[in-house]
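Trainee: Using the numbering used here, read the sequence shown as starting at 211 and increasing by one per residue.
Just so you know, the hints here were simulated from the structure itself, not pulled from any lab data.
Be aware that one or more of the hints could be misleading.
What the hints assert, rightly or not - Mimicking DSS-like on lysine-lysine, the simulated pairs with C-alpha atoms at most 30 Å apart in a straight line are:
id	residue 1	residue 2
1	Lys424	Lys567
2	Lys411	Lys382
3	Lys214	Lys521
4	Lys352	Lys383
5	Lys218	Lys516
6	Lys218	Lys236
7	Lys567	Lys220
8	Lys311	Lys220
9	Lys439	Lys380
10	Lys516	Lys462
11	Lys439	Lys449
12	Lys382	Lys285
13	Lys467	Lys229
14	Lys218	Lys383
15	Lys380	Lys352
16	Lys307	Lys385
17	Lys220	Lys383
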Amino acid sequence: MIKKMNIKNKLYQDFVIDKIKNENIKEGLNVPLIVELDPTAVCDLACPGCISEDIIATNNSFSSDRLIEIAIELKESGIKGVILIGGGEPLSHPATKNIIKYFGDNDISVGITTNGTFIDRMIDEIANYSFWTRVSMDAATKETFDILRPSKNGKSVFEKVLNNIENLAKRKKGKLGYSFLIRTEADNIISNVHEIYEAAKLAKELGCDYFEIKPSYNYKNGVAHSLVKHSDKRIKEIKNQLKKLEQLVDDKFSIIKAITLDDMLDGVIAKQIKEYNFCPVAELRTLITPLGVYVCPYWRGNNNFKLGDLKTTSFKEMWNSQHKKNIMKWLNPSIHCANLHCLRHESNLEIIKIIEKLENGEMVETIEEFDRFF
Numbered sequence: 211m212i213k214k215m216n217i218k219n220k221l222y223q224d225f226v227i228d229k230i231k232n233e234n235i236k237e238g239l240n241v242p243l244i245v246e247l248d249p250t251a252v253c254d255l256a257c258p259g260c261i262s263e264d265i266i267a268t269n270n271s272f273s274s275d276r277l278i279e280i281a282i283e284l285k286e287s288g289i290k291g292v293i294l295i296g297g298g299e300p301l302s303h304p305a306t307k308n309i310i311k312y313f314g315d316n317d318i319s320v321g322i323t324t325n326g327t328f329i330d331r332m333i334d335e336i337a338n339y340s341f342w343t344r345v346s347m348d349a350a351t352k353e354t355f356d357i358l359r360p361s362k363n364g365k366s367v368f369e370k371v372l373n374n375i376e377n378l379a380k381r382k383k384g385k386l387g388y389s390f391l392i393r394t395e396a397d398n399i400i401s402n403v404h405e406i407y408e409a410a411k412l413a414k415e416l417g418c419d420y421f422e423i424k425p426s427y428n429y430k431n432g433v434a435h436s437l438v439k440h441s442d443k444r445i446k447e448i449k450n451q452l453k454k455l456e457q458l459v460d461d462k463f464s465i466i467k468a469i470t471l472d473d474m475l476d477g478v479i480a481k482q483i484k485e486y487n488f489c490p491v492a493e494l495r496t497l498i499t500p501l502g503v504y505v506c507p508y509w510r511g512n513n514n515f516k517l518g519d520l521k522t523t524s525f526k527e528m529w530n531s532q533h534k535k536n537i538m539k540w541l542n543p544s545i546h547c548a549n550l551h552c553l554r555h556e557s558n559l560e561i562i563k564i565i566e567k568l569e570n571g572e573m574v575e576t577i578e579e580f581d582r583f584f
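Using the sequences provided together with the hints, build the complete structure.
Mentor: See below:
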């Protein structure tokens with residue numbers, strides 16, 4: 211059976227509920243539980259329609275020394291998990307291999323989102339310490355891949371990435387995923403819909419644990435983040451491809467639908483109605499980049515939502531600063547995020563329910579920790 215990604219159940223793990231119960235999330239947590247970390251804004255690919263195009267143009271990175279210092283600061287602050295992401299390509303930073311090992315050695319869960327081109331440079335660290343590694347592919351063939359994920363030097367990296375995935379699959383201790391972002395003419399690019407099944411089949415053959423299929427978004431300068439409305443013809447084609455995916459599922463291989471995929475398939479492109487005036491998820495998770503620390507990835511690079519700068523400030527100083535507190539109090543999802551189709555909207559609604567139960571003295575049943583990446 212094809213599974214829909216479920217984040218809400220992760221909120222009921224002991225360590226999350228204890229955090230919400232023991233600290234005042236409305237006034238600001240002492241420290242978040244999860245950090246998304248961009249080691250660099252540099253990327254070796256030139257994907258058309260990249261949502262981080264403006265960020266990558268800055269060619270910005272943490273120095274190796276500072277990146278390692280930040281890793282130590284996160285450990286000392288009590289962070290439970292770090293997702294290496296971007297911005298740019300996280301594995302292109304020379305110090306990334308060192309911090310992967312450092313986090314792993316210090317009981318900090320590591321998740322990695324990567325284009326896969328540099329896996330071979332740090333395969334030992336990734337194989338031994340990554341809780342999950344997700345490779346963005348969006349294709350099943352070299353022809354489609356080279357259009358959607360071209361390298362800046364003009365040389366195809368398709369075969370290299372496949373080899374990296376296959377080699378990592380043989381050695382990994384954590385989960386390995388193959389990510390497929392749906393693209394069609396509505397994205398002003400070619401359609402890759404006809405390759406969904408073949409891509410999932412390829413992922414299974416390479417030794418991946420799961421294949422994740424995701425909808426595309428409109429995104430421009432952090433102002434809009436709405437689901438792309440594809441043609442009826444393409445939607446029908448996508449649904450037919452999804453039906454074929456069922457036959458690939460077994461005990462060792464899963465098909466995962468992104469949280470908002472069904473909304474796109476059903477044509478539910480309406481705005482999310484956010485009636486809450488603070489963002490609990492932004493207290494539990496934060497985003498660190500070379501350009502600054504931001505309330506969440508949707509506002510990466512937008513100075514209005516910048517909490518601080520870890521190039522000049524320690525993590526603890528930044529998180530406890532009056533500026534950070536002012537930004538978090540000012541942030542109002544019903545206003546500032548009204549036009550965003552937020553992946554964390556359901557989580558926010560669930561956390562608010564949990565907060566209300568705790569405030570009313572009600573019992574919140576918890577489950578044992580199984581996945582820190584809520």
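Trainee: Now tell me if each hint is right for this structure.
Mentor: Structure-based check of all given hints:
For the proposed pair Lys424 and Lys567, the alpha carbon gap of about 33 Å is over 30 Å, so the pair is violated. Simply put, Lys411 and Lys382 have alpha-carbon atoms about 20 Å apart, close enough for the 30 Å limit, and the pair holds. Annotation: proposed proximity of Lys214 to Lys521 is violated, straight-line Cα distance about 38 Å (limit 30 Å). Restraint check for Lys352 and Lys383: satisfied, since their Cα atoms lie roughly 28 Å apart, inside the 30 Å limit.
Note on Lys218 and Lys516: the hinted pairing holds, with a Cα-Cα distance of about 27 Å set against a maximum of 30 Å. Restraint check for Lys218 and Lys236: the C-alpha separation of about 19 Å stays at or below 30 Å, so the hint holds. About 17 Å separates the Cα atoms of Lys567 and Lys220, which keeps this hinted pair within 30 Å; it holds. A threshold of 30 Å between alpha carbons decides the hint, and for Lys311 with Lys220 the separation of about 25 Å falls inside it, so the pair holds.
Distance check on the hinted pair: Lys439 and Lys380 sit about 39 Å apart at the alpha-carbon level, beyond 30 Å; violated. Of the supplied pair hints, the one linking Lys516 and Lys462 is violated, its CA atoms being roughly 41 Å apart against a limit of 30 Å. Note on Lys439 and Lys449: the hinted pairing holds, with a Cα-Cα distance of about 15 Å set against a maximum of 30 Å. Proximity of Lys382 to Lys285 is assessed by CA-CA distance (about 24 Å); at most 30 Å being required, the pair is judged to hold.
Between Lys467 and Lys229 the CA atoms are separated by roughly 29 Å; this keeps the pair inside 30 Å, and the hint holds. Of the pairs offered as hints, the one joining Lys218 and Lys383 holds, with about 25 Å between alpha carbons and a cut-off of 30 Å not exceeded. Simply put, Lys380 and Lys352 have alpha-carbon atoms about 23 Å apart, close enough for the 30 Å limit, and the pair holds. For the hint linking Lys307 to Lys385, the alpha-carbon distance of about 18 Å falls within 30 Å, and the restraint holds.
Using a Cα cut-off of 30 Å, the hinted pair Lys220 and Lys383 holds, with the two alpha carbons roughly 21 Å apart.
In this structure, the hints that do not hold are numbers 1, 3, 9 and 10, in rising order.
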